[in-house]
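Heads up: the sequence shown at position 25 corresponds to 25 in this note's numbering, and the numbers run straight through without jumps.
No lab work stands behind these hints, which were simulated from the structure alone.
Any given hint might turn out to be false.
[To be verified] In silico EDC-like cross-links for lysine to aspartate or glutamate, where the CA-CA straight-line distance does not exceed 16 Å:
id, residue 1, residue 2
1, K92, E65
2, K9, D25
3, K56, D88
4, K83, E96
[Stated by the list, open to error] Using C-beta positions, here's what the derived DEER-type ranges look like:
id, residue 1, residue 2, range
5, V30, Q63, 11 to 21 Å
6, P91, D6, 35 to 45 Å
7, K15, Q101, 14 to 24 Å
8, L104, S81, 21 to 31 Å
9, K15, D88, 35 to 45 Å
10, L5, G51, 27 to 37 Å
11, I52, L5, 30 to 40 Å
12, D14, K92, 13 to 23 Å
13, D6, G51, 31 to 41 Å
14, G77, L29, 18 to 28 Å
Small disclaimer: the values here were computed from a predicted structure and weren't measured.
Even for Gly, the Cβ is constructed at its ideal location relative to N, Cα and C.
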Amino acid sequence: LDQTLDDFKSQFGDKPSESRPRRTDLTVLVAHNDDPTDQMFVFFPEETKVGIKTIKMYCQRMQEENITRAIIVVQMGMTPSAKQSLVDMAPKYILEQFLQQELLINITEHEVKTPLGYHFVIKLNSF
1 LDQTLDDFKS QFGDKPSESR PRRTDLTVLV AHNDDPTDQM FVFFPEETKV
51 GIKTIKMYCQ RMQEENITRA IIVVQMGMTP SAKQSLVDMA PKYILEQFLQ
101 QELLINITEH EVKTPLGYHF VIKLNSF
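Use the sequences and the hints to build the structure in full.
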C-alpha cells in the first residue's frame with residue numbers, strides 16, 4: 001500500500017462504525033514486485049460468516065480478470081459449504097482464508113527484534 005494514513009482516510013474514511021470504509025471498499029489487487037504479472041486479490045467480505053454465494057462471486061471476479069489466487073480476510077469464519085467450495089476449486093483457483101483477528105497486531109505493544117521484510121518466495125523450480 002503506497003499511501004499515507006491521511007491519504008487512506010480521505011479516500012476510504014476513518015469511521016468503520018458508520019461503514020466508512022466498508023469492508024468491500026478495501027478489496028485490492030496486488031502484484032509481486034519481481035513479476036507484475038503474478039497477481040492476487042485480497043477480499044474483505046462484509047458478512048460475519050462467509051457463505052458460498054460470496055465465494056462464487058469472488059471466483060467469478062477472479063475468472064473475469066484472469067486471476068488465480070486470492071486471500072479472503074473473514075470476520076468469524078466460513079460456512080462448511082463455503083470451505084468445501086475452496087477445496088473443490090483448487091488447483092484452478094487458490095483462495096486462502098484468514099481470520100481478521102489473526103492479522104491484527106498493535107505495533108505500539110510489540111518490540112521488533114529483527115528487521116521486517118526478510119521473506120523469501122520459494123518457487124517449485126528452485127529445488
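Each hint, compared with the structure:
Among the hinted pairs, K92 with E65 is consistent with the structure: their alpha-carbon atoms are about 14 Å apart, no more than 16 Å. Restraint check for K9 and D25: the C-alpha separation of about 12 Å stays at or below 16 Å, so the hint holds. A threshold of 16 Å between alpha carbons decides the hint, and for K56 with D88 the separation of about 12 Å falls inside it, so the pair holds. Restraint check for K83 and E96: the C-alpha separation of about 10 Å stays at or below 16 Å, so the hint holds.
For V30 and Q63, the hinted distance range of 11 to 21 Å is satisfied, since their beta carbons lie about 18 Å from each other. A hinted range of 35 to 45 Å holds for the C-beta pair P91 and D6, which are about 41 Å apart. For K15 and Q101, the Cβ-Cβ distance of about 21 Å falls inside the hinted range of 14 to 24 Å, so the restraint holds. Between L104 and S81 the Cβ separation comes to about 27 Å, which falls inside the hinted range of 21 to 31 Å.
Checked against the hint of 35 to 45 Å, the pair K15 and D88 passes, with Cβ atoms roughly 38 Å apart. A C-beta distance of roughly 33 Å is found between L5 and G51, which places it inside the suggested range of 27 to 37 Å. Between I52 and L5 the CB atoms are about 36 Å apart, so this pair conforms to the stated range of 30 to 40 Å. A hinted range of 13 to 23 Å for the beta carbons of D14 and K92 is inconsistent with their spacing of about 38 Å.
Our hint of 31 to 41 Å for D6 and G51 holds, since their Cβ atoms are close to 36 Å apart. Range check, G77 to L29: Cβ separation about 24 Å, and the 18 to 28 Å hint holds.
Checked against the numbered hints listed earlier, the structure breaks hint 12 alone; every other hint is satisfied.
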